[in-house]
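A.B. asks: Listed below, chain by chain, are the residues.
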Amino acid sequence: MHSSHMIVELLKLLAASLLLISFAMLSRRRTQRLITLFAWQGSVLFISTLLVAYSAGLTELYFSAALTLLLKVIALPWILHRLIQRLGAQWDSEPLVNIPTTMLVGLGLVIFAFGLAQPISRMATTITRNTIGIALAVIFLAFLMMITRRKAITQVIGFLAMENGLFFAATSATYGMPMVIELGIALDLLVGFFILGIFFFQIREQFDSLDLSNMEALKED
Amino acid sequence: MLPIAHFDAALIARGLPLLLLLVAVWIGLGLIGLLRPHSVRFVARVVFPLGAITCFALGAVAAHFLVSSHAPEVMTLPLGLPDLPFHARLDPLAAFFLLLLGLAGAGISTFAVGYFRSGQGTAPGLHCLQYHVFLASMALVILADDAYFFMVAWETMALSSYFLVTSQHRIPEIRRAGFLYLLMAHIGALCILLSFGVLQGGRWQFTFDAMRGALLTPFWASAAFLLALIGFGAKAGLVPLHAWLPEAHPAAPSPVSALMSGLMLKTAIYGMLRITFDLLHIRYWWWGVLVLGVGLFSALFGAIFAAVQTDMKRLLAYSSIENIGIIFTGIGLAILFAACGLPLFAALALTAALIHSLNHAFFKSLLFLATGSVLHATNQRSLGKLGGLIRRMPWVATLALIGTLAIAGLPPLNGFVSEWLLLQSFLFTPQIPHAFLNMLIPLCAALLALTVALAAYVMVKFYGVIFLGQHREPSLVHAHDADWMERLGLAWLALGCIAIGVMPQLALRVAGAVTGALLGQAVNLSSPFWWIAPIASKQASYSGLILLTGIVGVVGITFVMVRALAHGRIRRTASWDCGYPWQTSRMQDTAEGFGQPIRHMFGPFFRMERELPAPTDTTPHYRIHIEDRLWRALYLPIARYVQRLADWIGLLQGGRLAIYLLYSFLTLIALLVFVR
Amino acid sequence: MSALTMVRQFGEVLLAIAIAPLFAGWIAQCRAWLQNRSAPPLTQPYRMLRKLFHKDVALATDASPLFRMTPYILFGTMVLAAAIIPSVATDLPFARVADAIALIGLFATARVFLSLAAMDIGTAFGSMGARRDMMIGFLAEPALLMVLFNAFLLSGSTALPSVVEASTAHPFLIDPSLVFAAVAFLMVLLAENARIPIDNPATHLELTMIHEAMVLEYSARHLALVEWSSDLKLFNYACIGFALFLPWGIAARGADGALTLGVAVIALLIKLIVAGAALALIESLSAKLRIFRAPEYLATAFLLAVLGLLVHLLLGA
Amino acid sequence: MVILVVLGLPLLGALLLALFGARRYAAELNAGMSFATLIAVTFLVLRVLRHGSLLALHEQLFVDSFNVFLVALTAFVGFTTALFSRPYMRIEEQRGRLSPQRLRLYHSMYQLFMGAMFLALLTNNMGLLWVAMEAATLSTVLLVSLYRTRASLEAAWKYFILCGVGIAQALFGTILLYFAAEHVLGRQGMTALLWTHLNAVKGQLEPRVLGLAFVFLLVGYGTKVGLAPLHNWLPDAHAEGPTPVSAVLSGLLLNVALYAVIRCKVLVEGSIGSYLPGRMLMTFGLLSAVLGAFFLWRQRDIKRLFGYSSIEHMGIITFAFGLGGPIASFAALLHMTVHSLTKSSIFFAAGHASQAAHTQQMDGIRGLVSISPTIGWGLMLGSLAILGMPPFGVFASEFLILTTAMREHPWTTPFLLIALGVAFAAIFRKVQPMVFGECDAPPLPHSPALVPVFIHLAIVLMLGVYMPFALAEWYRAAARLIGG
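Chains as they are written, first to last, in our numbering: chain A, 1 to 221; chain B, 1001 to 1676; chain C, 2001 to 2317; chain D, 3001 to 3484.
This is chain A alone, in the form it adopts within the complex (with noise of 0.2 Å):
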């Protein structure tokens, strides 16, 4: 009971740099930068993931926090990092939003996702129920991360924190989804992700750019 308690106590804490990494996103211009929050992230994930398996004693956790650990952590970033090698997109032009505004507006999000979670949190079970607003909170982040962001790339890195979000959430609130379920949502990812890293080498040469504000030409004039 103790140890468990101990283990809340850890959990609010990861759960705390999982916002923070967040923010953290929000604020940084170099995609560089972001490629490693995003990978801690993954790790931070990682471990929440390993400890709510420990306390609550499921063995498919374990499985998807290995899933976690290979995919979010290792491979993403990695090819993530080959990719803008390879295509020489270091640099973010400057946000569409400037920063400290988007801060704000993240703040506003995050206290309404609080509020939201609240209703869910109360009737939770699990040791982790205070933290489903956290994961609510993240997946706002991305979302208006992936809004203010213009490179192809940052948009891309935006998704995955918001699919990261998710899988907190669906941790935090019932110590995740069926196995199957999980594969399923593991395989897709990674598919989707293969064909984002052909298209940008597609898009590299049509629009020998990853910057968005080329792809504005189909609309109503």
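Hints are computed from structural coordinates only; laboratory data are not their basis.
Note that this is a predicted model, so its numbers are computed, not measured.
Worth double-checking, as some hints may not be accurate.
[Stated by the list, open to error] Think about it this way: if two alpha-carbon atoms lie no more than 25 Å apart in a straight line, the pair counts; the simulated SDA-like pairs of lysine to any residue are:
#1 12/A - 110/A
#2 3430/D - 1635/B
#3 2271/C - 2201/C
#4 2055/C - 2203/C
#5 219/A - 1644/B
#6 2051/C - 1555/B
#7 219/A - 1572/B
#8 2271/C - 2035/C
#9 2055/C - 1521/B
[Stated by the list, open to error] To spell it out: a stretch of chain B is covered by chain C in this simulated footprint if at least three of its residues, at any positions, have a beta carbon under 8 Å from a beta carbon of chain C; those stretches are:
#10 1042-1051
#11 1381-1395
#12 1402-1409
#13 1558-1566
#14 1583-1590
We put the beta carbon where it would ideally sit given N, CA and C, even for glycine.
Here the structure of chain A is known, so what remains is to put chains B, C and D in place on it, guided by the hints.
C.D. replies: Okay, now just chains B, C and D, sitting in the frame of chain A:
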């Protein structure tokens, strides 16, 4: 109100299956036409005559039903929606309009036999299919007894006629006309649909029988009525929903123009009557005033615009608006009287409206077909290039003269009968138990009289400019008369005009069956067949037959006596014209010239653009372009607003991904706020 | 219907045909007197008709049968109208054939035929006259209808005999509402019969012509018939006026002794004389209007008729 | 086990075509596989008609009267589209817009896409449903970007990001759903995401959570349905992808996404017992219908035009589902059917039309009836059908929807009226000059495969005037399932 009690008695249908069979025959004929789509001979010489015969048979069956039994007949077809099979029903109202459709249609189809030549845009076979589907759908509209069947037939009618209108689709104006037509028809149809949606009164029953039973609150009843008025008004060409009519009717080949003007508009009248007097369980007096006002305005509007037209088919199209207006005036009066509890007078007004529909079917078709013959003979539609055809095409000219006199509302022809009846019913409006109404509405009679007299003016212009005077173009010398099938068709319609005019009592009896069914009251039908005295013979009476015989007799006697007394020979000389020697055919009144007094007097109605020659012009010419104010007042603004709205909404699709994401984000947030 | 009524009917028609030109002649004579001209003899119209009947017809080369039929049709319609209007007696077998509205229609028929005939030759004046005449027509008809409305409100019928019987039964000399109607009717009459102030029957100035312009191309017997029927038209209108407003003396139903009929004929003649004089007086006192003043003129007539209507509805019958 | 066959055949097809997709007979193979699937589906349908709904594979898959008809529809349209794509893609290849490699990708992805949709339709597991939807998205992303032009890449990218994000929301919704279900059903036996079980206990599910879940699911799947204002990917994807893909996107994918929404709606409505979800659907529906109609007004590109028209019609269908009740649901299902049939046939015709005129710009397309009567009349009749002209079936459903709306919520009818009227004007004024008028374009190299067009239109026409009893029963059962 049709008593539901009749219903069980009439379960053994008699006329109805036959009618449906004939409709099926039409569709079959259309499909047969597709067998040899490009052979004009086959289509014209084989299919169309059969179609004409079918028309006649249809009319005959309907007539038999009207004179023999008035008990409604019902049938359910194994088609339609699962919970809503097609219901068909034959009652006096339907039979009356089927009679109209059959008899006038027979003449038109006969004419069409001679009319269709090769090189008419759409392939003849396809044309034949569209033509007969058009006829069939009109019949089905009249026979339908549930909302769904009605709507299907209604829209099929619009669709087939649209394809007929655009058969010359290579001409942009015709495509534009077709588009406008189909658009208006569709919007009108939506309104009718909504009206049915109200009428079923939440009982989820779409058979008309159920609607008869539905009790609506005053508000909803009025809503249903107004929606129906908009819907059917759009089809009938009531002002201000008329804009499509003068575009579409002239665009079509003449037999089709005749079908549309003569018959299709009547289906709108039918629908109006069906909803107002049959499906709605109650009528309010202000409905009557509304319809009366709209009708009179349309009538006047149509007459005035017809007077200034320079294209013969447009002129006829506007005259259709006028006649529809007159019919609606009658309907409005009938509603008013019925709402005020004066069923006999309501019956009188309704009879007038019905008979005028019948008349219009005959003389308007006749005139449109005549223009078709003229078109074939001269390739000219503009009045400014015609003239003197009475000497080149005596047959068409003579038959057209009958139509002209009839539509001008002159005794002893049919047009006069209905207008006489309508004026008679106006005479009773002082008895309406509403202050003001009983003083104001009599004045409408004067407006009606003005319209009728204007119609005479228009028709003198129409006939005089086309057939009388001297050829305005030398090429007209080669104009040839219509071939015998065309003449047969025209003659049949002319015969109809004369018959109804001379023996109005027959029409009165037929209409009496309808009013009896709808209002439980019919005008006095006791008098002999050559004589009408709708209320009482002391009050007012009229006999076309005696009038005709009288005129013919006196003319004959005069002729004989003059021959006997006067010994002068006849010398053919140049015309006198006050001794002016150098006169040419260009000096006679043009269509524009004939319209000039109207332009002068009713200036506010038009939007005119004049080009006057300067005193110094070496080659002076005068051009005037007349436009319907409603275009700029109503239609163009609507189009503009839609355009502007579309532009605004287009901004949503700005092409920037971030914005799109923002949309979905905001939507998400908004919904979340909404649910918690 | 008994033989007697038929006889009466035909008698009346023949009387109308006979004295119509006389009436026109009488008006002309009065006008001449009023204008200090030496008057033509009363029989002048007859002489002219006789002359015309004996002349050769000069027919334009491209005149169609319609052109040649029209004079007969005009004459026919007018005679028929005369047969319908109760000028001497109300109990006429023909009177029920057409009520007052149908009578208007009959006149309209005549007008349309004349206009068509005028356009037939294709001369400038003909079509101009046709246009103007039709215009006067459609302006006059609403006013005329309103006049009839007045009569109808009094008698509850548009059949002239019933109107006559009703208004003869009327206690007072004439119903107040009818006064307005009478004035309106008079104005319409002038307009419809091509008299001053709308048209001048005696004009020879082409551009102001209406009726004359239409009949320019007619000659000899055709012209005779046209003139005769226009005389008849005037006569008919006068008789309608009498029937509506001055019905005294007209032999009522049932009372068909020779005496009453005689009285009726005398009454008719007196009325005609007075009316003719009055018409001539009005024509001499008023000036011809410009053609586009006609709408105002006839609108006034219309308003008067409506006024009568309202007076009736307000005062109640 | 016929279900497994239905699911397996497309995957097998994807595999085969991944191998032989570049060969000459690939198109025939594609059509063949689709046909085989159709056969299998027919057996499935017969089975369901005979024995009612059935479960398979530890309840992971199930078929009831609701999804079976969508499965049948999907298989049918999939097959006809494969038929159509044969000549169409040949012509594209001849014109050098596509390489054999691309064709291989196209064919195998086509089959994969079909497979994904079948899975989405047939699965009983809300999680699997999500996975399948995502898979469908991914496969279509590749299809949309097939031409590798700037425009197609841009369209594909937007499609991917928007739908990806949307789908992510759906996943969160699913998690919430699972969370709520777990409290009732427990974690054991993994039944907590099975729709049948959820449906059984929907009364006990926590309302507030389900309300939130529904919002996320609606936004997520709604993005794929193309509900305004989440629709922005749709016109681009329709316009820039190859025409057969536009046809299946409009005709099938939207239906499947809507299917997912409706499944969720049934649960949520049952749980919170209020008509809140219904109202949400109605609002979205009306909004999409009206906005779609006004978007139509200003289109120049023929495929974009009909893409927007899909938005409008999806709006109408969603609205009808929102209305609820047996009749409206019936109408909505009917409208789903006729819309996908009509719209795909229109895309067939439009595709050939733009091939004949060498442009998708409508100003460049003229006088189709003179080039090829079949294309011209196909486009004309198809457009008239989609515009709700009787006697085509679209009218039948619109009739029911409008009259129901008039009875239930009269205030909505003006919007519907505006939407339908504007849509009519917008589409018809564009279609008429394309079909009619003068033209001097040469005929197509391959004879266009317009048999599908007329088969579709014939079915739609039949549904307008006559509906077979079995079909009606089927719709009724489905409507009962949805609308109660």
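A.B. asks: Would you mind marking each hint as holding or not holding in the structure?
C.D. replies: A quick look at each hint next to the structure:
For the hint linking residue 12/A to residue 110/A, the alpha-carbon distance of about 15 Å falls within 25 Å, and the restraint holds. With a CA separation close to 19 Å, the supplied pair residue 3430/D and residue 1635/B stays within the 25 Å bound. Restraint check: the Cα-Cα separation between residue 2271/C and residue 2201/C comes to about 22 Å, which is no more than 25 Å; the hinted pair holds. Pair hint residue 2055/C plus residue 2203/C holds up; C-alpha atoms about 23 Å apart against a cutoff of 25 Å.
Only pairs whose Cα atoms come within 25 Å are accepted, and residue 219/A paired with residue 1644/B is accepted, the gap being roughly 17 Å. Restraint check for residue 2051/C and residue 1555/B: the C-alpha separation of about 21 Å stays at or below 25 Å, so the hint holds. The hinted pair formed by residue 219/A and residue 1572/B fails the criterion: a straight-line CA distance of about 78 Å is larger than 25 Å. Restraint check: the Cα-Cα separation between residue 2271/C and residue 2035/C comes to about 23 Å, which is no more than 25 Å; the hinted pair holds.
The straight-line distance between the Cα atoms of residue 2055/C and residue 1521/B is roughly 60 Å, outside the 25 Å bound, and the hint therefore fails. Coverage of the stretch 1042-1051 of chain B by chain C is violated in this model, with 0 residues showing a Cβ closer than 8 Å to a Cβ of that chain against a need of three. Against chain C, the stretch 1381-1395 of chain B contributes 4 residues with a C-beta closer than 8 Å to a partner C-beta. That satisfies the three-residue criterion, and the hint holds. By the rule of at least three residues with a Cβ nearer than 8 Å to a Cβ of chain C, the coverage given for the stretch 1402-1409 of chain B holds, with 3 such residues.
Only residues whose beta carbon comes within less than 8 Å of a beta carbon in chain C count, and the stretch 1558-1566 of chain B has 5; three or more means the coverage holds. Here the stretch 1583-1590 of chain B counts 5 residues with a CB under 8 Å from a CB of chain C, which clears the bar of 3, and the coverage holds.
The structure fails hints 7, 9 and 10 (numbered hints given earlier, in ascending order).
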